[in-house]
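S.K.: Assembly of the complex is requested from the two constituent chains, each provided in isolation within its own frame, with the hints serving as guidance.
The lines below spell out each chain.
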Amino acid sequence: MTTIAPGIADNTVNDPSRRAPLVIGRQTPATVTEQVCRIAERPRPPLAWYVAFTVAASFTAIFFLLIGYLIVTGIGVWGNNRPVFWAFDIINFVFWVGIGHAGTLISAILFLFRQRWRTSINRAAEAMTIFAVICAATFPGIHIGRVWLAYWLAPYPNQMSIWPNFRSPLLWDVFAVSTYGTISALFWYLGMVPDLATLRDRATTRLRQFLYGLFALGWRGSARQWHVYERAYLLLAALATPLVLSVHSVVSFDFAVSVVPGWHTTIFPPYFVVGAIFSGFAMVVTLMVPARAFFGLKELVTLRHLENICKIILVTGLIVGYAYATEFFVAWYSGSPYEMFAFLNRATGPYAWAYWTMVSCNVLAPQLFWFRSWRTTPWKMFIVAILVNIGMWFERFVIIVISLSRDYLPSNWGYYKPTWVDILMLMGSFGLFFTLFLLFCRYLPMVAMAEVKVVLPHQPHAAGSEAQSG
Amino acid sequence: MGDPEKQPGDAEASSALAGVLAEFASAEALVEAAAAVRAAGYRRWDCHSPFPVHGIDRAMGIRFTPLPWLVFAAGLTGAIVALLLQWWTNGVDYPLLISGKPLFGLPANIAVAFELIILFAGITAFVGCLALNQLPRFAHPLLRSERFRRATTDAMFISIEAADPQFDAAATPQWLQSLGATAVELCYEPVAGRAIPRPLLMAVVVLASLAVLPPLLIARARLVKSTEPRIHIITDMAFQPKYKMQAESPLFADGRAMRPPVPGAIADGQLQDDDHRYRGKLPDGRFATTFPMPLTEALMRRGQERFNIYCAVCHGLAGMGDGIIPQRTTARGKPWLPVSLHELSVRSQPVGQLFNTITNGIRTMPAYASQIPVEDRWAIILYVRALQRSRAATLDDVPAELRDKIR
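Quick note, the sequences are listed as chains A and B, same order. Under numbering that gives the first Met the number 0, the first sequence is numbered contiguously, ending at residue 469. Under numbering that gives the first Met the number 0, the second sequence is numbered contiguously, ending at residue 406.
Just chain B, same shape as in the assembly (with noise of 0.2 angstroms):
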């Protein structure tokens, strides 16, 4: 006999009929039962059991889930993304040029893209099973029976549906306990469904225009220019507690970070406190008459080297005042001629002044000090030097031995 019908729900709800349990003692009754409600061509109906009975798919007539499908897709799906991905951002976006790798290549990228398969595939699984079964799902008029709570332990079930066409609330039950079940009670639900509680949709109302801001604000910051830098919420070592170059700083009178050497400051390497040699003056501020280091064939050839880059051009090749330039302006019927270094107001003149010519320039010759190193003026004068004797010299100038040589 069934169970005096029960009337869950609140008082204030009325309550229907929403259809009839039956209990079964054991796994064969219930797939012989389901069978049975099967062929007598129920549609809306179920059974339920604490785990899956063999052979019930069969007797309710299950059809396969599409399930294996759609992971299927899934698995599919995370192939092309996981590919995709690494081939545009490590192959197009942004090359990564690694030790001569491929920018993309299967044995590099198949890590990747079978852990998102699985990743795709086995999250679709569990998603799949859950929206196929209609999960999660609180309020179900069986789950108010007392009795229907044995079906997670060790209770099997068959339920029917009010709504199912076949349905009848007294004979349904009776044919239900004709088939062998050893309990069978009518199931309610409540009519009228609860009214969501003012406060609540207040709540969500208020929360959902709250939730608009954020999304508003990031598209006007995209948008918008600014003169203040990015934020930086973690800032890390950008941001440093020094003075740089070209600051501000509020130490000093001219407000200067940066401040000038002081007076009288030089820099290393720079002192060059020989006045001989960096200047051709004696201490008397005279003009020097002896080079400030020892004269070798090495410093000559050197002078002759650099003579010929720095100083034929204006002066020719033998000092004659002859050079391109000169030609060329007297060609050119404005003549600018350099002195001869052969004149007797050359010759006569001190190393140290022809130093001083050199390093400051005079008249229309321009200072070479930028462009020939102290030691390199030194050669040229004594290849100066050399020249001016080429054309001066007398018989004692010539070694002893090399007299009979002359012609």
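Pulled out of the complex, with its shape left as it was, chain A reads as follows (with noise of 0.2 angstroms):
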């Protein structure tokens, strides 16, 4: 429970003797209702948000023509060739999903810690989640060539009276994907049901008054509905979270489930979740800041909430460069001389370049969170953030791309190139995913203020129709 002391600028200051607010300024739930409205409610957004979004959807028109461009003509526009099969693709794949298991970490597990900081940013990092799988998903979708024809990946009864084959991976990862785009918009949605409610009653136009009283169903505050609201957003926390972890399991298992080595190894599941979380994270971190300072959300995004984030940044990247220690300790221990060479490959081949990037970036930059002032500092943490999300990048680049080129067969071995589809593929699908979120920063609630005005702190107040939070 929240105490004392609202008022104090800085609340990155531990003092044993109180908990630190998690909001700042003198915030009732009318302000934070004002603060966050307001977002949505204004005629104009910042300019700011005018040049974002026209970069973004730019970005986001590429992309479209590009996968035009794809299904219409072929693979072959991108550089996938024997032997690297699988290069940008399932590199930007496994990037979004991974992105996306932040959101749900922050919105179900740390729900489940009661780690009660998490309400101000929940509702932006769930939907960085939804957004990126949607990213995510697109890629899969556009690779098998025959895009027509992905419904052959559902059990359904056909003429050819034959079923999909539910021991591969892949096909385990189009349940897992499906089950996570599916809950994680569920939890998202239902989450959003009361702040809904809330711009429906301050809606001044017909079109907002009906479309957010639409979507928000009827929400009247009920403290009978509060009460089965809260039993099922608990019950979807608690599924969500062994739903993130099973997640990009899955996704790891398209890899360690195989026999190419630097893949078949038991450590892919925790280490690819960690490793989501980390880049998830760092993403988070990428978003809000610019969010909070453009949007007027400070008080309510302190900067508490970002150290916690540059926190937990730290112990995943501390995490993921254990991994890869390990990695190479299991490579050198098992005697494999096709894993040992795998990994000595990846430090010194021809992709030594985009290994050592890796490094750099996924486990020296995050050390600098150990130093007070760049982890409570927004522009430094910002940088980190960048280079972390391009490490992670990297890391799949890494895992996915010089496995597949050299493996078993040295008359096999192969240098791959991407072309510039695939380059500006990637790009395009960072334009999707910024182009939702600027839609949603602009539309829908950014912050979840009925979880945060749970959270407030509580102030002895005279009589009036200002109402205190319990």
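None of these hints come from the bench; they were simulated from the model. Take the hints with a grain of salt, since some may be wrong.
[To be verified] DEER-style ranges, computed between Cβ atoms:
(1) A:P409 with B:S98: 23 to 31 angstroms
(2) A:I385 with B:Q176: 54 to 62 angstroms
(3) A:S257 with B:D253: 55 to 63 angstroms
[Stated by the list, open to error] Computed footprint of chain A on chain B; a stretch qualifies when at least three of its residues, placed anywhere within it, have a C-beta under 8 angstroms from a C-beta of chain A:
(4) 59–72
(5) 80–94
(6) 127–139
(7) 151–159
Just so it is clear, CB atoms sit at the ideal spot from N, CA and C, and this is done for glycine as well.
M.R.: Dropping the structure here:
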């Protein structure tokens, strides 16, 4: 329960005698509502929003045009070829799915751990998850070549009398990512219903009243409804927690269940999950640092929130570094010449530049967060977060491309080069992600108001129409 | 004091009293008042707040929701469905044999099962939450109140429905005031609901009738046989603009896509332009008297082997005409005897004529061209000559160094 001393500007100070406040300024439910709803209600967003949206939307347009080009022409427009048959397409898929996991962790896992500071960021983080899953799902969809036959992945009775192969991790992936997208969307939407009701009740135009009212489902804030709602929220959080662990484990099985050296290791499921959380939290920083500045949410998404995120980035970064070391150790300890070569090749072979980029971005860069100024200064942590994003993309590149380019048969070795389509599609997926996120910022409640109101510090106050939280 | 009564609703529809709404200043006040309302015996009432208030469940006596049980049941269903699906599709209906892996095994099938557990349970949690909360419900008397709009921002309310047996339009609002409410108002709802507009009704009826058509068409398609091929929406490479065997073609007079070979066309390896070798003839048409290949012991041995296979059944192992077939025909009383190869008429034939006999047959002997390749025929002829020499040899035929050894 948070207590006392609202109005401290810097809540990153750790005072053992009292808990640091989670919101700054004399916040009441009314001011919280005002701060958050104002973003969606103002007739014109700040100019920065328009600039960002234009750039993002252009990249989204490029993305969709290139998808059309790919489907009409074929996978040959990418650089995928023998022996590197999986390249940017699968790298991007794993990258985006991984980013999505941080949102679920903030929403579900931190909820189960009763970390009340999550309330300021969980809405935006869950939105990030949904949009990341959308970006992720496009890549396996388009990389199959004959996209119009994608329905063959589903177990439906057909004239060929055949069923999908349930022993393949690629099919487990279909179920896992679909489930993840569905559950994340349901969780996100359920969480938004009370806040959409807030926007409905404050709406000034008929259109807004109708749309927000439609999606608010007629929510009345009834205590009986809150009771069931709280139960459902807890159940969804409890379900989403093993889900997020299982989804990225299943994604890692795409590699671990094969026999390619460098892939076929039991460390992959935990390694991938931690890496996903690592990259996802870095993306949260990338999104929230500018968002809180441009949308005036500094008192709700405080420096303490950002510092907590940085601490998690540091911890997961250390675990990822430990995983790298473990992989090397086990490759040596196994005595398998293929495994040993695979790892030496990563560090010293033709792709060594990618490997060392990955190590410096993932292992070295987060160490800056040992220093207090780096984890409490927004522009500094933004730089580190960008480096982590880059590093985690390169980690997937290292795993996928380097292992495939040189596996068992030297006569089959080859060097992979991405084509312009590969690179532009990667940028285009970022465009799609940011377009959706910017639209979310503009039209939907960015902060979970109902949840923040629960964690507001209790203020003894004279009677009046301003209500206080308990 | 209560606000002046509002009369929302359409001009045509009359309004009825739906209940009373009382606002409270703080969460603590709300909880206290809720306990009092419950103690007073009200049944149809509720509290409203912008966030869940601590302690309100107990004060109101809200019973635990059955949602967790529904979710558990759904998860269990998901597990059973997933395991049955995988077992039946991959293990029974079309067993997929993949590198010796078991047709059904938990290590392979647990992933999908787990995901479906979560999917079923999660969807049930969501749908169950809405259903148990009776959402969506867009029309509610409380939503017509201006003051109530702050319920989602920062205000706390208690509402008591007029349908509650203890409700009294005059007493209840006053009593709520006494509990510490900062504002009390009465809420109304329209008595007569609006009629559904006729055009909308017509549109729904038309759409519903049209919606019946696709299932009927599908049912018909499943029952009726057709001579047309199935509809291919995406043809891929199933229909290619090329002519296949036995197909019609409008390009040629005989209408055939398959063209016969040009007269005089010879298959690869079938040229056989060497008359001596392939027909045993000299250029002037007479039978050849020499062999078209060098004579070696290997050729002789080959000829012996092939003679014993193909020729000895009728001509006998020594060429006497006493093979097992003539023996049987004789034993059956209708002798069918080949000529002995040692007869002068056969011995005097040139090798080319012997070749012609093997190739094309003679009298009742069938043609052996299809069974014996050309080289083997010459080998057999060489062996036949050896057999013939064996019965018609003179001392001059014996090499000098072996003459002493003759008994």
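S.K.: Does each hint fit the structure? Answer for all of them.
M.R.: Hint check:
For the pair P409 of chain A and S98 of chain B, the supplied restraint of 23 to 31 angstroms holds, since their beta-carbon distance comes to about 25 angstroms. At about 59 angstroms, the CB distance of I385 of chain A to Q176 of chain B agrees with the hint of 54 to 62 angstroms. For the hinted restraint 55 to 63 angstroms between S257 of chain A and D253 of chain B, the CB-CB distance of approximately 57 angstroms keeps it satisfied. Under the rule that three or more residues need a Cβ within less than 8 angstroms of chain A, the assignment of the segment 59–72 of chain B holds, with 6 such residues.
For the segment 80–94 of chain B, the proposed coverage by chain A is satisfied: 6 residues have a C-beta within less than 8 angstroms of a C-beta in that chain, meeting the threshold of three. With 11 residues having a beta carbon nearer than 8 angstroms to a beta carbon of chain A, the segment 127–139 of chain B meets the requirement of three or more and the stated coverage holds. Counting residues of the segment 151–159 of chain B whose CB falls under 8 angstroms from any CB of chain A gives 5; the rule of at least 3 is met.
Against the hints set out earlier in the document, no violation occurs for any number.
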